[in-house]
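Peer 1: Listed here are the chains, written in short residue letters.
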Amino acid sequence: MALLSSIRIRAAAVCSLLLLTIGLVGCGQTYEFAGTPFVPVLDAPDVTGVVGDGKDFTLSGLPEKVKLVFFGYTSCPDICPLTMSTLRNVYEQLSSPERADVAVVLISVDPQRDTPAQLATYTAAFNPAFYGVHIPEERLTQFLDEFNVFAAKRSLTGSANDTNYLMDHTAVIFVVDGKNQLREIFPSNAPADQIAADVRYLLSQ
Amino acid sequence: MMKENTMFLRTVCVLLVTGLLGAGCAAPGAPAAPGAAATAAPAAPKDSIYIADAWARPSPLPSGNSAVYLTVVNPLDRVDHLLSVSSELGVASLHESITENDVVRMEARPDGFELPPAGSLVLAPGGKHVMIMGIAEPLAAGDMVTITLNFEMYGPMTISVPVEDKPGL
Chain A
138 MALLSSIRIR AAAVCSLLLL TIGLVGCGQT YEFAGTPFVP VLDAPDVTGV VGDGKDFTLS
198 GLPEKVKLVF FGYTSCPDIC PLTMSTLRNV YEQLSSPERA DVAVVLISVD PQRDTPAQLA
258 TYTAAFNPAF YGVHIPEERL TQFLDEFNVF AAKRSLTGSA NDTNYLMDHT AVIFVVDGKN
318 QLREIFPSNA PADQIAADVR YLLSQ
Chain B
13 MMKENTMFLR TVCVLLVTGL LGAGCAAPGA PAAPGAAATA APAAPKDSIY IADAWARPSP
73 LPSGNSAVYL TVVNPLDRVD HLLSVSSELG VASLHESITE NDVVRMEARP DGFELPPAGS
133 LVLAPGGKHV MIMGIAEPLA AGDMVTITLN FEMYGPMTIS VPVEDKPGL
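Just so you know, the sequences run in chain order A and B.
Residue 342, in the working numbering, is where the first sequence stops; the numbers in between run on with no holes.
Residue 181, in the working numbering, is where the second sequence stops; the numbers in between run on with no holes.
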């Protein structure tokens, strides 16, 4: 009987050790992002532009801690509204205090047609708190390079003066943390709950 | 007896460990199935192609663009083709979004899309769609959009599509 007890105690001890080990190692001490992480993290290019009400915009000057940045344009019929809708879904999954610390930023890759006022109307259709940033073409090129974002006009008529062009463009969501560092990239069709989970993690840092 | 007890403890241990792995280390959010569940069309015709789940995107700005998404169901055993589309709202065309290396481009599909026999053609966000450009007035949820789909075999089909603001789509 004493032997049986001893075996039980030993087995229980092994079991506890196993649980402890899994608790410390299995779960991991480091958080794993659902998107593609920047390793090492990089400083986010400090985008400057204008938002709808004519105010100057700087990415680093935003009061919100975490920023979700997307490059698109308002006449984009498919991918941009799909991505903005996903970002709205992310935003709506967060609690009210969490939302106060998260900025959703659309930077226009089509400054020729998108005015700051149009961008404000467009982003407000998704959520009034979202930012629609206009950057003049000459400066936009530099920021696109810094973010490694591609953007080019695609004419529907083949004419150089076509004003009904579409834009080919990189459609990813950049996640910028409270230290204004690029932490990860999501494809435009990423599930909203994965993005929301990573945002929550960054808010907790 | 002793062996049985040890086995019991092992089993409990394994169960606990499995539970811990399953719950404590759960991944931060499993991928959600995008899109609403398909609703069965009531009394779907068996002798003709028909449209299911059609909706149009809001267009928040004047002179804006929108997209229409829908599924064409073909219960027949013959192939058909969606050749073109038109709308009085603006310039309508068949397009497809193609994503390569995170860059999205929209390609016109002047030859349209095939509708396979006993199959369906799905136009959905991020892929094949009807694009409507230059819509004079903004479109909001609740508005209706009329489009005419031109099929090679069926001929023209005019449908009225609701504008919907779908979460996550």
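Keep in mind that the hints were calculated from the coordinates and are not lab data.
Errors might be hidden in some of the hints.
Subject to a maximum C-alpha distance of 20 Å in a straight line, what follows is the list of computed SDA-like cross-link-like pairs (lysine to any residue) [as the list claims (entries may be wrong)]:
hint : chain 1 : residue 1 : chain 2 : residue 2
1    : A       : Lys-290   : B       : Arg-117
2    : B       : Lys-178   : A       : Leu-231
3    : B       : Lys-178   : A       : Arg-291
4    : B       : Lys-178   : A       : Gln-331
5    : A       : Lys-290   : B       : Tyr-166
6    : B       : Lys-178   : A       : Glu-229
7    : B       : Lys-178   : A       : Asn-326
8    : A       : Lys-290   : B       : Glu-112
9    : B       : Lys-140   : A       : Asp-330
10   : A       : Lys-290   : B       : Gly-124
11   : A       : Lys-290   : B       : Pro-150
12   : A       : Lys-290   : B       : Lys-178
13   : A       : Lys-290   : B       : Gly-146
14   : B       : Lys-178   : A       : Leu-293
15   : B       : Lys-178   : A       : Pro-265
16   : B       : Lys-140   : A       : Ala-327
17   : A       : Lys-290   : B       : Glu-119
18   : A       : Lys-192   : B       : Ser-105
19   : B       : Lys-178   : A       : Ser-222
20   : B       : Lys-178   : B       : Pro-150
21   : B       : Lys-140   : A       : Arg-291
Predicted model only: the values in this text are computed from it and were never measured.
Peer 1: Are the hints correct? Go through all of them and say.
Peer 2: How the hints compare with the structure:
1. Annotation: proposed proximity of A/Lys-290 to B/Arg-117 holds, straight-line Cα distance about 10 Å (limit 20 Å).
2. Straight-line distance between C-alpha atoms of B/Lys-178 and A/Leu-231 comes to about 18 Å, which keeps the hinted pair within the 20 Å bound.
3. Between B/Lys-178 and A/Arg-291 the CA atoms are separated by roughly 28 Å; this puts the pair beyond 20 Å, and the hint is violated.
4. For the suggested pair B/Lys-178 and A/Gln-331, the alpha carbons sit about 19 Å apart, so the restraint of at most 20 Å is met.
5. Pair hint A/Lys-290 plus B/Tyr-166 does not hold up; C-alpha atoms about 36 Å apart against a cutoff of 20 Å.
6. Proposed proximity of B/Lys-178 and A/Glu-229 is supported: the alpha carbons are some 13 Å apart, at most 20 Å.
7. Between the alpha carbons of B/Lys-178 and A/Asn-326 the distance comes to roughly 15 Å, so the proposed pair stays at or under 20 Å and holds.
8. Distance restraint check for A/Lys-290 and B/Glu-112: the Cα-Cα separation of roughly 16 Å lies within the 20 Å cut-off, and the hinted pair is therefore satisfied.
9. The hinted pair formed by B/Lys-140 and A/Asp-330 fails the criterion: a straight-line CA distance of about 25 Å is larger than 20 Å.
10. Taking the CA atoms of A/Lys-290 and B/Gly-124, the gap is about 23 Å. The hint is violated against a cut of 20 Å.
11. Straight-line distance between C-alpha atoms of A/Lys-290 and B/Pro-150 comes to about 24 Å, which puts the hinted pair past the 20 Å bound.
12. In summary, the hint linking A/Lys-290 to B/Lys-178 is not supported, as the alpha carbons are separated by about 28 Å, beyond the 20 Å threshold.
13. Among the hinted pairs, A/Lys-290 with B/Gly-146 is consistent with the structure: their alpha-carbon atoms are about 17 Å apart, no more than 20 Å.
14. Of the pairs offered as hints, the one joining B/Lys-178 and A/Leu-293 is violated, with about 28 Å between alpha carbons and a cut-off of 20 Å exceeded.
15. The straight-line distance between the Cα atoms of B/Lys-178 and A/Pro-265 is roughly 17 Å, inside the 20 Å bound, and the hint therefore holds.
16. Annotation: proposed proximity of B/Lys-140 to A/Ala-327 holds, straight-line Cα distance about 18 Å (limit 20 Å).
17. Distance restraint check for A/Lys-290 and B/Glu-119: the Cα-Cα separation of roughly 12 Å lies within the 20 Å cut-off, and the hinted pair is therefore satisfied.
18. Proposed proximity of A/Lys-192 and B/Ser-105 is contradicted: the alpha carbons are some 38 Å apart, above 20 Å.
19. Among the hinted pairs, B/Lys-178 with A/Ser-222 is consistent with the structure: their alpha-carbon atoms are about 8 Å apart, no more than 20 Å.
20. A hinted pair counts as satisfied when its Cα atoms are at most 20 Å apart, and B/Lys-178 with B/Pro-150 qualifies at roughly 17 Å.
21. With a C-alpha separation of about 17 Å, the suggested pair B/Lys-140 and A/Arg-291 falls inside the 20 Å cut-off, and the hint holds.
In this structure, the hints that do not hold are numbers 3, 5, 9, 10, 11, 12, 14 and 18, in rising order.
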